[in-house]
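Chemist: Required output: the full structure, derived from the provided sequences and hints.
For reference, the chains in residue letters:
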Amino acid sequence: MSDQRDTLIHMANQIAHNLQSSSDPATGVKNHLEKFWARSMKERIISYLDDADGDFTPIARQAVEQLAEQRRQAS
Amino acid sequence: MLGYYDPNKDYGTPARLSENHVSLEIDGVEITVPEGTSVMRAAALADINIPKLCASDNLEAYGSCRLCAVQVEGKRGYPASCTTPVEAGMQVTTQNTKLARLRRNVMELYISDHPLDCLTCAANGDCELQDMAGAVGLREVRYGYAGENHLDAEKDESNPYFSFDPSKCIVCSRCVRACEEVQGTFALTIDGRGFDSKVSPSQMEDFMDSECVSCGACVQACPTATLMEKSVVEQGVPDHSVITTCAYCGVGCSFKAEMKGSEVVRMVPYKGGDANHGHSCVKGRFAFGYATHQDRLTTPMIRDSIEEAWREVSWEEAIGFAAERLTATQEKYGRESIGGITSSRCTNEETYLVQKLIRAAFRNNNTDTCARVCHSPTGYGLKTTLGESAGTQTFDSVMKSDAIIVIGANPTDAHPVFASQMRRRMREGASLIVADPRHIDLLDTPHRGDAQHLPLRPGTNVALVNALGHVVVTEGLEDHDFIAERCDTEAYRTWRDFISEERHSPEAVENVTGVSPEAVRQAARTYASVPNGAIYYGLGVTEHSQGSTMVMGIANLAMATGNIGREGVGVNPLRGQNNVQGSCDMGSFPHELPGYQHVADNEARNRFENVWGVPIDDEPGLRIPNMFDAAIEGTFKAMYVQGEDIAQSDPNTQHVEAALTSLDCLIVQDIFLNETAKYAHVLLPGSSFLEKNGTFTNAERRINRVRKVMPPRAGKEDWEITVDLARALGYPMDYQHPSEIMDEIAQLAPTFTGVSYDKLEELGSLQWPCNDEHPQGTPTMHEFDFPIGLGRFAITEYVATEERTNRRFPLLLTTGRILSQYNVGAQTRRTDNQNWHDEDVLDIHPSDAEMRGISDGDWLGITSRSGQTVLRARLSERMQPGVVYTTFHHPGSGANVITTNSSDWATNCPEYKVTAVQVEKVSQPSAWQKRYDDFDRAQREYLDSAREPVAHGVTQ
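From first to last, the protein sequence lines stand for chains X and H.
Heads up: the first sequence begins at 1 in UniProt numbering, then just goes up one per residue.
Heads up: the second sequence begins at 1 in UniProt numbering, then just goes up one per residue.
By construction, these hints were calculated from the structure, which means they are not laboratory data.
The C-beta atom is built at its ideal place from N, Cα and C for all residues, glycine as well.
Possibly wrong hints are sitting among the right ones.
[Claimed, not checked] Covered stretches of chain X, going by a simulated chain H footprint (3 or more residues, C-beta under 8 Å):
(1) 11–17
(2) 20–27
(3) 63–69
Modeler: Put into structure tokens, the structure is as follows:
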């Protein structure tokens, strides 16, 4: 994996770890990405969904999937 | 009642704040003042100025000089007016034949043991002894000058900034009292008795060898030339002054820049400054010489490659070159391929303009500020819980605190003037609780009363704050009324269930934090049970992988105990640099427009678009670390950096260097060739804080004016350079003065709508929010509600940092700063503050040193997962075993070569405070340091070769 890819997936996983005890962690992570990440970072993390297999934590993966869906609907 | 207060006048004794008032008559004038006021002060308020020498209104009355004697009807003798409180119906006479003779006799004795060198004395024209000799009409000294005296007493010139000439001392003790009462260091004393009495730094040591911290309070207090600024000795007494704001830490002290022509002779802390009330530290008062240092950049320069010499060019050519490069980069790599960064050293107006330039002229949101790497978690954490990204109190609020918790901050070094105020409150009996891996100086405050130290392991803040919260909840110490009235019930219940779990108890987390459960319980009880508990915190909270979580944990604790919304309480981030608060307020972050309005908020964005006349991107831009990653990847190609030195201050130096060398165009606007500028293609010479107009916003949200006292050395104030660059990019900005920029800020940021330069002139300073609801500003936040309505408890799960020790890296490194140097040292390294700290060293506990055969002064290789650097060892029991510490004030030290990319989960604020390292004795600099030396030498030569052979340091 590239450095950029490692970094972004690590960041998403780290957010997921920190929000794991919230009532709806995946939505919390999705909202965080939506609110604070640059467009290019969002597009990249979504593009890693297909081939990142076990690199995402379950919560992070679910969040990025939600983000992808939200952006698909908005476009 | 007399209420007028002139900060330029000395009223002799401090004000009293009693609500009861007393009327009396002084020289036939009826006066009403608060109970407890001295006769001297009451008289001064009526403009009846009683002669005095040992009295000053920033010191408690002492009554030693006897010059202020008065007569009181019905009382015997001649009481000292400074130590005599007013009484109802009192009739006071301040001047008659008897009093005049008495004062003359006193003065005669003083002058009989004082050098008669007034004409050549440095204080000539600015000497209270001289003034009083004139005021009492002294015409002769009957005793002669041949008797025993102190005229041959040896001068102490050891301090670089002031001299001590005991031959001129009148032993009034003002210096000693200033050191005790104003600064709180207790470094001075009066040694000996009677005629042998003399001022003594520590135990009759030189000033430099004593405990003196060179705050200068003694110099300011001295009524003679005994303690005198060397700059005044050299340049003479200043003839005019301008009030401005210090450019160092987040206290934001007000100063009178005392001038001759356009030269600053001395900086005198301004008594009318609401943040500092006439006090300062060694940096603000003395370390201003960098502004005229020979290293100042004074001419714009350009080059095509960082391996080329610089070429001096006109402003027009430099700006044109920069604009052309930026435009070409966007044409080739896309709109989002460029961005910019400002510094918390910039004014509000400069910061506002740069983010406007980026959003409106670059047409993206790739704007960030160095607050990213210090207090961005404060913004996230406080906005989430309390609804506003700012501290809740004034500095003065601490004077009503009964328990003060200091977490991850070292105020005596990083916020010295506020530390003095804290110490004053501690001497009055407030309890202190310090949570810090190191034993900080605040714990050694003289007459501190009880103080508790929670020496936690680096990286375990959240476990500790959760344990404190657990004790509050499980021991029934909550403020249920406050919670019911002011907080979101569901969020509170969820938090209460979470924090009550046994896994958060002090006993359960002891193996994580290393702090005894008894100490944690005691601290929680102390904080929760006093009437007013306040929390102050610094970068030891924010610069962690859970910085934001910890800020929320602190807010939870304050809400749970009802310590929000009045004086004496609150959540108070101590900001490292002068304008951290302002840089965040001004929309520097990539997701927020000025006033913390999200870029995706259509209503807010539309208002900006209407005023700016351009569409604004509705998605956040890149943060600083994201910019670095994108640069290395090749998608981010140009950057405009104003006033910030990312190459020295940001973590993982080699990663930053790789990013900077990947850029096609780096534009640096700064006053020196800083480390970042060595990677630049365009150098735009900036202006120091003495050379421009604007405002800074300090840690208590106080907006203070910065006033130009001398012309910019390169010809332009920084905001003018940004305006030029915008114009060259096809986006004209039409401002004639920074006040017009503030008017635009007031138009667009709801918390600033009442702010203007006119109002700042009228009131001196303003604390935002300042709007229709709070036209005079807001000293205390959240008094009645929160901007989000109800306070919101947050779940703060402890997640251990990934930066962990192991056999290869068994120690934890934490970094910080010291009193004499400031941040990357670009300013203070170019002053005599170097005398105190001319290199960064590694503090290591004696047991860790012994295990490795390390002695004081040994060269140590410090290796982390990121890199290696070499520093000298200093054995210190401030550290706990297993923890080492260094500063980052000198670029060649490479402290950030070893810090890592680990960062706060919510904001990417770097985890400077936790780096796993190994330490071993070595005999030569690290590979990085050797490369750095070569690179630094080459870049300096590139600069020198561009400069014309004129005398450096000459004002242009």
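Chemist: If a hint holds in the structure, say so; if it doesn't, say that too.
Modeler: Results of checking the hints against the structure:
With a cut-off of 8 Å between beta carbons, the region 11–17 of chain X has 4 residues touching chain H; three or more are needed, and the interface restraint holds. Figure legend: the region 20–27 of chain X, annotated as covered by chain H; annotation consistent (4 residues with Cβ-Cβ distances under 8 Å, at least 3 required). Residues of the region 63–69 of chain X lying with their CB closer than 8 Å to a CB of chain H number 0, which falls below the three-residue condition for coverage.
The structure shown violates just one earlier hint, number 3.
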